[in-house]
Amino acid sequence: MTEKVLTEEGQQCLQALMRVWFDFERSLSRVPLIQKLERDLFTVEDYRKLLLNIRQQVIEGSRWITRCASSFDREFSDVRSEVIAHARDEHRDYLLLEEDYVAAGGVLSDIQEADRNPGSEALHGFLMYRATQPNPIDLIGAMWIIEGLGQKMATGWSERIESMLKEESNPGSNRQRCTRFMRYHGENDSEHMDKLYSLIDRVCKTKSDRKAIVRTATVVARLYSMQLEEVDYE
Amino acid sequence: MDVYINSTGHYLPGDPIDNETVEEVLGYVHGKPSRLKRRILKANGIQRRHYAINALHETQISNSGMAARAGFECLDQSYLNRQDISLLSCATSQGDLVLPGFGSMVQAAMEIPDVELFSSHGICSSSMMALKTAYLHLKEGEHSNALVIASELASRLFKASRYEAIQGSGAIDFNAEFLRWMLSDGAGALLLENKPRKQSFKIEWIKSFSHADSYPTCMSVGSPLDSSDTRTWQDYATYAEAEAAGCLLIRQDVRLLENIVKLGADGYLRLLDKGFIQKDEVDHVLCHYSSHHFRNKIFEILTMAGAMIPEEKWYTNLYTRGNTGCASIFIMLDEFRRTQSYEEDDTLLCMVPESGRFNNVYMKLTVVGESS
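Those protein sequence lines, which keep their order, are chains A and B. Read in order, the letters of the first sequence correspond to residues 1 to 234 in the working numbering. Read in order, the letters of the second sequence correspond to residues 1001 to 1372 in the working numbering.
Because the hints were derived from the structure by calculation, they are not lab data. Predicted, not measured: the structure shown is a model, and the values here were computed from it. Treat the hints with caution; some may be incorrect.
[Unchecked claim] Simulated pairs of lysine-lysine, DSS-like, Cα-Cα distance not exceeding 30 Å:
id, chain 1, residue 1, chain 2, residue 2
1, B, 1279, A, 207
2, B, 1364, A, 207
3, A, 211, B, 1207
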């Protein structure tokens, strides 16, 4: 049991980020699709809908992270290295997601041809805009939300989805094979989180750094919720 | 106007019951020992607790009776008599009667005349809601004193016969049995006044954050075992049918329970952020965690956030007095006041995270002397 972030400014930033996260979790719990998932009323059709709608953001995720890396100048070359490593780890994980979609009974071309929903458009637009700014340290806040969600998917959601798939009469579906994307995040994201904690110490030096990081985390959390709310309007 | 806790009292029924004896009192369901008991007791760390029922399942003292005993013990150490009390604010999860309000029954048991009455209903945090109401009455100058009492008689829910009454019950599921090894009986009381006496705690503030809009019900009585059935206990033709369907068992959705740790931390971080409290000013923490299991989880999350209050400042009597629901925090404060060392100007932070549908209450107290 150790403190994850050591500088005074960093600790204040982490505490604020934790609060943004808790608030995000509560807003997720109010999204109809997630409410069904967390109350064990989720169906395999709901699961396919969820995967279909988050795929675009997962693909675009690797783009904003790589652009973010290129926006750091030499003063932040160590940060750039971390961000590049992160992008490399995840830039092809949408392939896993597509395989899960097919394993859950979906047709590959359906997920490949799907458009971004309005929430995904807004999220992607915001992240690309921020990633284009010089030294976009505030995107640590975006990573905080998205990595946190990876952990939540892996530890909470995948288990519920697997038990749902077991109960549903769904011949031909292999339930472990349907949740590999979510599971993958569980195995890797705690390492990513540790790197994030050290990045907070590294980049959050002033009150205005902290405000920027927390602001971006708040916006990303809201837009991510919107992306999931839009699933039911598609 | 300032508000002070000037006296405290508690009542725990009968002899303490240790872990070896607990099932002899509550009874063996279908004559068989529980397979979950040892595991749950190991996780919650409770060594002793008290029950108002005996091994024959006869109730030895009622819930309002316990509340009255705690109230009298509190008054016995104060400058006031029962006739002087002007506000009586009471809390419980379940009174002896479904109606009227618990406060009426406690007033009658204590024979307090002409009092203004408040009854708060809920689970663990209902005592803090009753306390907050009393605190605001005094702060506003509406009353100059208030007796606040919280009391629980949960053991009646845990009699073996309750589980045997379930239709087609082979084995009880984990969620229905969990609380059987967690909760026990007792009552605590606090006396509030507008001026400090000896050994007073000034109430600086009481704040609470409820999250029922975001989370499903986690701890309840009233729903059937079959979660797809949306009826509640009074929707059945007879209470016998409701009982057979499992509506009268107290249940905890253990999978949801973990949320309590982060929601508890969330409220604390919120108070830090708003400047209601500084972590370095806290001298004593009294936290009503329901189980030892959660103590470590709370420490982990607060340490990670860099917001931990050193472990030696945390006080609890959970392990020896049991988890008495809403009465716990008052029983804890009472024992702290009588047995622990503290000094004038010390800051106490009290926390009550309730898992019912996730309501978290926090209170800051300052130790003051008579001269203050």
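**Item:** Hints violated by the structure (numbers, ascending)
**Value:** Failing hints: none at all.
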